[in-house]
Structure formats: C-alpha cells, structure tokens
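For reference, the chains in residue letters:
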Amino acid sequence: MNTADMSTLLHELESLSFESMSGSDFLLTWNHSPDELRAVLTVSQALRRLRSDGISPRIFDSGLAVSLFRDNSTRTRFSFASAANLLGLAVQDLDEKKSQIAHGETVRETAVMISFLSEVIGIRDDMYIGHGHEYMVEVGESLTDAHEAGLLERRPSIVNLQCDRDHPTQAMADLQHLANEFGGLEKLRGKKIAMTWAYSPSYGKPLSVPQGVISLMTRFGMDVRLAYPEGYNLVPELEAQAGEFAQNAGGRFSVSNSMDEAFADADIVYPKSWAPFNVMQKRTDFLAAGDAGGLERLEQQALQENARHMDWECNADRMGTTNDALYMHCLPADISGVSCERGEVSVDVFEKHRVATYREAGYKPFIIAAMILLSKTPNAAGVLRKLAESAPQRVSSA
Amino acid sequence: MNTADMSTLLHELESLSFESMSGSDFLLTWNHSPDELRAVLTVSQALRRLRSDGISPRIFDSGLAVSLFRDNSTRTRFSFASAANLLGLAVQDLDEKKSQIAHGETVRETAVMISFLSEVIGIRDDMYIGHGHEYMVEVGESLTDAHEAGLLERRPSIVNLQCDRDHPTQAMADLQHLANEFGGLEKLRGKKIAMTWAYSPSYGKPLSVPQGVISLMTRFGMDVRLAYPEGYNLVPELEAQAGEFAQNAGGRFSVSNSMDEAFADADIVYPKSWAPFNVMQKRTDFLAAGDAGGLERLEQQALQENARHMDWECNADRMGTTNDALYMHCLPADISGVSCERGEVSVDVFEKHRVATYREAGYKPFIIAAMILLSKTPNAAGVLRKLAESAPQRVSSA
Amino acid sequence: MNTADMSTLLHELESLSFESMSGSDFLLTWNHSPDELRAVLTVSQALRRLRSDGISPRIFDSGLAVSLFRDNSTRTRFSFASAANLLGLAVQDLDEKKSQIAHGETVRETAVMISFLSEVIGIRDDMYIGHGHEYMVEVGESLTDAHEAGLLERRPSIVNLQCDRDHPTQAMADLQHLANEFGGLEKLRGKKIAMTWAYSPSYGKPLSVPQGVISLMTRFGMDVRLAYPEGYNLVPELEAQAGEFAQNAGGRFSVSNSMDEAFADADIVYPKSWAPFNVMQKRTDFLAAGDAGGLERLEQQALQENARHMDWECNADRMGTTNDALYMHCLPADISGVSCERGEVSVDVFEKHRVATYREAGYKPFIIAAMILLSKTPNAAGVLRKLAESAPQRVSSA
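Chains as they are written, first to last, in this note's numbering: chain L, 100 to 497; chain U, 100 to 497; chain H, 100 to 497.
Mixed in with the good hints, there may be bad ones.
Identical copies go unnamed one by one, so any copy, or any two together, can satisfy a pair.
Said to hold, decoys possible - In silico SDA-like links for lysine to any residue, alpha-carbon gap of 25 Å or less:
# : residue 1 : residue 2
1 : Lys-485   : Arg-288
2 : Lys-291   : Gly-349
3 : Lys-304   : Ser-496
4 : Lys-451   : Asn-478
5 : Lys-286   : Arg-458
6 : Lys-451   : Ser-495
7 : Lys-304   : Glu-450
8 : Lys-304   : Glu-204
9 : Lys-485   : Ser-151
No lab work stands behind these hints: they were computed from the structure.
Just so you know, these numbers come straight off a predicted model, no measurement behind them.
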C-alpha cells in the first residue's frame, strides 16, 4: 500500500505535462511521454489513496465501459470491471466470435453501435500477431470519425487490455510495483531485471508481457536482460526498439540465450513462458484460414520444441545466483508440481514470493482507472483535489 | 443532434395525453395513440438534450432492468443497456435456452422470479412467428397478476425489443430520424417511403422491421410503398391493417412486386431483406418440433428462392430514380462486395449514406429510455423539468 | 408484505447480539447463534420496509459483488443480483469451468484476483458432495490470509448461495415466510412441518434444501418430520445434528419412510425431490474422474429407483390429512401434468398454493441483502436508522 499523501501526489501531478492524454487512447506505452506515464502512476496512487481513505472516486453518474475481449481472461475482466465501477461506469460486454478477424465496415459499424453512451472501450486482442494493435487503431479511427461526424457526442477512449505488441496495463502495474518495492521510480535506474522465457507445458502464450516489460523498463534506465532459448525471439522490431530506448535513457538492454546469464546478480527476475514469434505468426495464419489440422500440427511441434527447454525453470538454485531478486509474474504462473508437472517456477520459489505477486496484480485496477480518468479530463489534478476535499463516502456509516 | 430547447420540449409534452402509459407495457406501436407516440419522441429528445447538456437523467438510485433475449443481438443489447444505465438501472441478463418456447406455469413462474426488484423487462423474441408477441403478452399478464396478488410491490414494465409482429424501438427511432431529417413530424405527411425487400445471401431474417415501418409510417400520413418479390409477403393482417391506418390518417399504402416502382420518385428508401411469412411459419414449426433436417431443407429452398431475386439491390441506378431519397437501414446491412458478394445495397450507395444510417441508430437508446420513463411515471414532464432545473452533473468536473 | 414499522424493527435489532457477523462469512445457519439469525430476519424486513417506503437502502457508492456459480441458476442469480444492486454493488460474474474442482494455489490465487475491489462473493457450489462447503471455507481462508497480508484493504465476505450441506439463503427465506404466515417466530414453536422427499422424473437434485430446512427449523422449536423412501437419506451427520438441535430447542425431529405419516396433521408441508446421499457421492466421484459412462449408468439406475416411488406425490388426498397445511417449495416445482407427467405435486394443489410459493421466494433478495449488510458493518441498526431518517428517494419524482 502506497503511503504518499494526497497533497504530495497532487503536487507531483501538477508538475507533469499530460494534457494531450485527454480525448485519446492508451494503446502502447511507447506512444506516451515519460511525463504521461508518470501521470498514470500518480493518478493510480491517488485513486488508491482516496479509496483507502473511504472516499469514493466516482466521477461518472452514468455511462458504459465496454469490454471487448477476443480471449477469455478472468483477471483482466475483473481488473477492468473494478476500475470502471470505481469511477461509476457500468460494464457491458461485447460478445464477438473469437475466431473472427473483422475489418473495414464491420469494425466501423460495430465501433459506433457500442459507443453511443459509452465512455471507454477496453480491448483485449492478443491472439492474432500483426492484427491486435491494428484492430485497436482501426476502432479508434472509427470512433474519431464518428465523433467528428457528430454521431458521438463524446468519443469513448480505448484502453489496450492486451494486444499482440504491448500489455500496457500489466507493464504499468509492474512498474508501479517496482517503484514501490525499490523506493521510487528514480531508484530503478541501473537495476538489473531479467525478463526471461520459462518452460510451460502449454503453447501459444502471448508475447505482449515480455514485450511490454522490455519496452517500458528500458525507458526508465533499467538494465534489462532479455533471455530465451534460440528461436523464441519476440517481435524483432520491438527488441530493436528496446535497445534504442535503453540507449536514450542511459540504461542497458541485452539479449541472450541463457537464463543463468540473465539471472546472475539480477535485482528482479520475471520468468514467463511465451510462444516464439514465428509460431504465433503461423498460428495467426491457420486461425485466419480456419485450418484446424494446421493448428493441431503446429501445437504438437511447438510443445515438442518447448519440451526441449524444461530446464528453463526459476528455482532456488537460480534464485541463489541473483542479488536476492524480487520475483515477478503476471499470473497465473505455471508452478512445477502444482498446476503442472514441470513449469515456469518451482513451488518453493513461488511460495516465497506468492504474496508479492498478488500485490503486483493489485495495482492493475487502479492503473486502468487512472488511464480512463486521464483520457476523460485534461484536469485530473483538479478533479482529484475536489474529490479529496468534498470526500464523498464510498460506504455509508451510521 | 436535435436542437429543440428543453422548455419547448416540455411544453409540447404537457400538451399531450399519455398518462395511461404509466404502469403499462410498450409492445406494439398500434396499441398507442398518436399522442403517446409523440410523447415517446419528445421524452427521447428531452433525455438526449439533458445528456448533451451534461445533466444526468438518472431517476433510479437502484433497480434492475432485465434483458430477456431469445436471439443474439449486439446492437439491441447495447441500446437497452445504454438506456437502462442512463436512468440508473443495472442490467441483468436472463439466459434462456434459445430453442425453447415456454408456456403457462413456466412463463408465469419465471416472470415473477426475475421481477422482485426489477423496473423493466426488455424482451426480444422474434424467431417464432405467431409466438413472440403472445409470449410478451403472457409475461405481462403474469406480472399484472403477481402485482395484484401483492407479490410485486412495483410491476416491471415490458419493452418489446423485437417480436414477430413489431419492432417498436426501431420503428420509433426511424420515425425520430425522419422527423429530424425532414423538419418535423408534420413534414412527413405525403412523403413517399419505399419499404422494400432486398436480396441477401442469408435467410430467416425477421419481418418485424418492415411490419413496424408500414404500421407506423402510415399513421403519420406518409405515402408508404411496400414492395417485395411474389411470395415474400408480410403477415397478411398487418398488411391489411397498414392500409386502414393510411386511410384513417389521410396517407397512402400500396403493395407491389416491383422495387423500381416503389423507388420511383421516393423521398425515402428502406431496402431490407426478410424471409417470407410462410417460410417463417414453417421454420417455427420445425424449430418447435426440433426437426433439424426440416430446417436444413427449408434453408436450402429459401436460399435458392432468394437467389432468384438478386436484382433486388439498392444501387446507384435505382437511387437515381428517386427524389434524392434518404436511404435507411436498421443495420447491419448486407453490402455487396463488403459483407457478401451480392447484398441489399451496393457499396457506393451505402458509403454515401453510411453516416446517416449510424445517426438513425443513435436514436434508439433514447427511444428505449423514453419508453421506460413513460411506463414508470404519469408525470414525465414534471420529472424532466425537475432534472433540467436541478441539473445534476453526469460527469464530475474539477 | 410485512407490516412491522421501522422503529419496532430497529428496537428489536438493537436487542440482539450479532456484532461478530461483521467481517465474517455466512456459510451455514448452524454456525450462527439464534440472535444472529434473528438479526438477518430483522434487517431483511427493515430493508424491505425501506424499499416499500420508496427509500433507497443503497449503502455502497461503488464496489463489486462477485457471483461464483458452479451450476446454472436463474433464480439464485437474480436474487443475488437484486440484493447487490439494492445496496449499490455491481455484479461481476466469474465464469469457471463447471466440471472443475479447484484446490490449493488455484483457489487462493483466484480468490485474491477477484477481490481487490469487491465487497462480497456469492458462491453456489452444490454439485460435489463433500466439496462445496470445503471450497467456500478455502476461499474464505484465502481472503483472510490476503487481508492480513495487506493485499486486500477490505476482505470481501462470502455468502453461501447453496452448497452440498446447506442452502442458508433459501432456509432463511423459508423461515421468514413461516414467521410471517404464522404470526411471528415464537408462534412456530411446536408447529409440525413435513419435510418430505417427492417423486421427480429427474435425478441429481441437491440435498441442501432439505438439509437446510431440518437444520434450521429444529432450532426454532418446530416439530420437524423428515420422510423419504428407504435409501434416500440425507448426509447422516446432518440428520443426527438436526436431532440434537431439536432436543436443545425443545422441539422434535423424527425420520420416517412414509409420506403419509409425515403429512398427518401437519401444519406445513415441504415436498421436494432430491437424490440419495450415496448417489450424490458416486456422482461426485464420476464427475471428478470425468467418467461419462459411469455418470450415464448412475443416472439410469437412479431414475429407475426413483420410478419405484411415483406415489410420493403431494396431492389433494394427502393434503386432506394435514391441518390445512401451508404448502412450501423452493421452486421450480415439478408439477404433475404441467412440467412433467408425474411429479412432486399435483396441479390442483400447486395452483391453490402457487401465490404463496411465489411470496416465499420473494423474501430471498432481502435475506441476501441482510446477510451482506450484516457482514459489512457491526452497526446495522445505526446504518438503517440513518437511512430511515435521511430517507433518500429510490426513484426520483417530479
């Protein structure tokens, strides 16, 4: 629980430049300036502070928050619902056929039909590499067009709840977690974070978490070590971009094929399974073509390839080589001997860090709420100050 | 966006007689007097005006709005959810097995069980010709009985979100669109509207939209031209009734088998596919009997018959014969070359009118909210006046 | 409708000791003292009274109510949604694979992930004998741990919406119904209630209703007669426990294999089908093992065994032997000649008592709301008094 007081947070917020977030979408962390990212963290903390003080930060008396998920996700669904509810919005789910990659008129029409009285659209579209982000951009353009044509009095803003490139609500919650654990954003500079692949007996896990982490942590001057077995690379442009970010921010970014190398002396470890970029590409093609046989063969091949790397497990021996590292995971983790025979992390390591991973997850509802708030008003500081002063109770007391 | 100011709208409302709508259901437009229909349009405009002025028209602090859909529908679901949310109600979906035609005790019991703390029930039941409307009536009678027996302190009102006879929220949104495009309800008198069948490579589309349109527009003195290929007639009684409505209102109603005839010199065109009445009857029988083979054969026959009428397409040539007609559609349209090879409308015509069809759809949430409001209070004008005067903010500002 | 006025109810509430309900779960009625059960009934009546006076008992400005259902249930879903909405909470459903019996880390992790901004979790888990209650306890322990570890600022409370042992919201609604029909809780002392098995052409109906009824009514001094065909016993410990409850409360508890014996001179009859305990045990094992063949065979055997007891029907002849008994059912009932050829109750008996069974069901939303309220504040009387005095309108008037 963050202990910064409201007036400190509001002063910090007032010192930042983030006005252009109002009316726009949050799709990729690298579309946003460091000030804007800091604003998200600060508003998130302020909302949390208000709530822990019993104050309702409900700024909407009515309005819809649309969840458009092309993949099931209990955790993301609850985070989004919590954030929407905290601000006073009612969640309305859009059920789309999951196998469908919509384009053009279909996207345009659907985007408008769900937006007449909506304030925000949370989209999760991580299954189709090369399509998820484009889809969100297309929805966003449709909303802008409709707003400009006078069809939508207010343009709903989009929050990316996971795409094929980034997972900004996760990465930002991770950043908030790190800032709190290490005593502030500035303290992260130079800290060594091992973002590594780990073995899992499943396949097709999205790339957005590791991509989100390397893209964000490099910008805050961290020493980011990406490691994966040969062939398990992320989207090449995003690996390259992370290198540039590190250079610009005075940090480091390295890629290796050794979990041990990445862990050595690390301050933070983030071992997590994902499917190789080229597998995800083939999978997307098979899904688009509705080729069930192709998907089946691909899965078998991918699982066999995975099985060659069972030693990529985060265990006590490896943790022993770190600088008493903080273990991170976006959850749920594949825990050896618990959720599967062999997994991403040994049970002893996970148990030791379990509470910390839950704490990491707990930032997400507030991060999402902050993204919504910043997209709906240019004067977030003023809105929060008014709430803190009028202090409407969230729960009635006697 | 309508520009009528609140005081004009409230004066208009006060001049109308609609008290009997309070406590009753909205099932068919022809159950309601012209004054009552005008009240729906006026309240709808007033709610829209309040919202665009930043005022929350939330009249419920709590209460449920039940959605009982026997068919999937993203658009209707969102319209209903938006309307409910605007007034302060939480939507609760009732999941019923779609293939089930319930009667008697089952209907009665379910109706009460979902109504203890509910204010409104939105029902969509358009699949079973000869049953949808009856089902709504049966639910309504159950609610009345339960209310009179003291089981329900407040009787939820029913809003027909599409049945086998009428689609009143669509038809009323269409009427509002027409009134706004042509400068008022009075200006519609004598305007030629072509409600025509159009080709679609699907089958089983409900009859409720064309039936709703011919039943409503004739009552406002329009020159309604219904056209369809031989054999594609609507429910016969409803065609006959539209003729009577036209006669009573000093308008016209004609039926032909020629799209060209209907389009000639038309002020408005509404080309839309539907399944012939007799096909819908057979389909209902097969569905009730669970006869999958019969359904399959019927679909094949119907698609073959449809394919003989591919020339029933709204294209530039046909639009050229109209009086620069307004193109209408309830969406989603089957657009040739976009959503299918050959469809209801050519892409050039649709693109030209796309924004207008979206605008048409945008009235629906407010129409539904107006129907709800009018069913819950005999003094809608007073409620709206109080809202306009106390002006509760919908979104908090700094 | 209860006519007790608010000040009487609040005085009654202030005379009871129920402070320890605040912060805890409602899992089994026998975990709660008579005072605590009386508090539930009293708060339930007060909430109903407020609502019928047009006062909104909304104590939450935001917050989630999570519904975690491992079985479909329209009625329970609506009761829970109504209760949550009445208090100002938004319902968020957790979709879990129904066939899954989760344990350990999975339960712990899920429990925390859905709880960050949640106030209450309603759980229905009645399919797995020997597991449902344990599951709820495990979720509760996870929440307590997470709260103590600082992960959850507020610990959501759990309301048991039906488990393998008890169905407390049903049993308490039944008790409220009885108290109202007979003129108060004290008047129930010595009243004869026949809780009997009845024939149904289905199998696998849970034991929680009869178990809940015998466990609760014995504690209020009633003469509880449990009757079922040989082999259809409930969980043995719970039958034994009911005997002890009767002894302690000065009531009676008897078990027989004769519906007629139970009905003779009864003041209340509650004829309802259930599956024998040993069948439920086998079913649980087959479900856990995913043994579809075993399940199929078990169902056939159970239905054949059921068919030997078709004469266990509540009909006019049997009702004639009672003391003009009140007929009760948790709904939906299997009505002979209506929902099935032969069922639990004849159509004439059901029709005569239909309205009363609906009234019985109508208490449930308020019982659930009372359980939630009592779990969230130690000062329910103060909260209710303040609501009654400030009297916030639930529906805006002109």
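Now the hints, each set against the structure:
With identical chains, the CA atoms of Lys-485 and Arg-288 are never at most 25 Å apart, being 34 Å at best within one copy and 53 Å at best between copies. In this assembly of identical chains, Lys-291 and Gly-349 lie within 25 Å of each other by CA distance solely inside one copy; the values are 13 Å within and 71 Å between copies. Taking the shortest alpha-carbon separations for Lys-304 and Ser-496, neither the intra-copy value of 46 Å nor the inter-copy value of 41 Å comes in at or below 25 Å. Proximity of Lys-451 to Asn-478 under the C-alpha cut-off of 25 Å is found in neither arrangement, the shortest distances being 42 Å within a copy and 39 Å between copies.
In this homomeric assembly, Lys-286 and Arg-458 come within 25 Å of each other (Cα to Cα) only inside a single copy, at 19 Å, whereas the closest approach across copies is 52 Å. In the homo-oligomer, the alpha carbons of Lys-451 and Ser-495 never lie at most 25 Å apart, since the shortest distance is 38 Å inside one protomer and 43 Å across protomers. In the homo-oligomer, the alpha carbons of Lys-304 and Glu-450 lie at most 25 Å apart inside one protomer (23 Å), although the nearest pairing across protomers, at 39 Å, exceeds that limit. Taking the shortest Cα distances, Lys-304 and Glu-204 sit within 25 Å of each other only across copies (20 Å), while inside one copy they are farther apart (30 Å).
Within a single copy, Lys-485 and Ser-151 get their C-alpha atoms as close as 17 Å, and across copies as close as 23 Å, so both meet the 25 Å cut-off.
In the structure shown, a violation is registered for the earlier hints numbered 1, 3, 4, 6, in ascending order.
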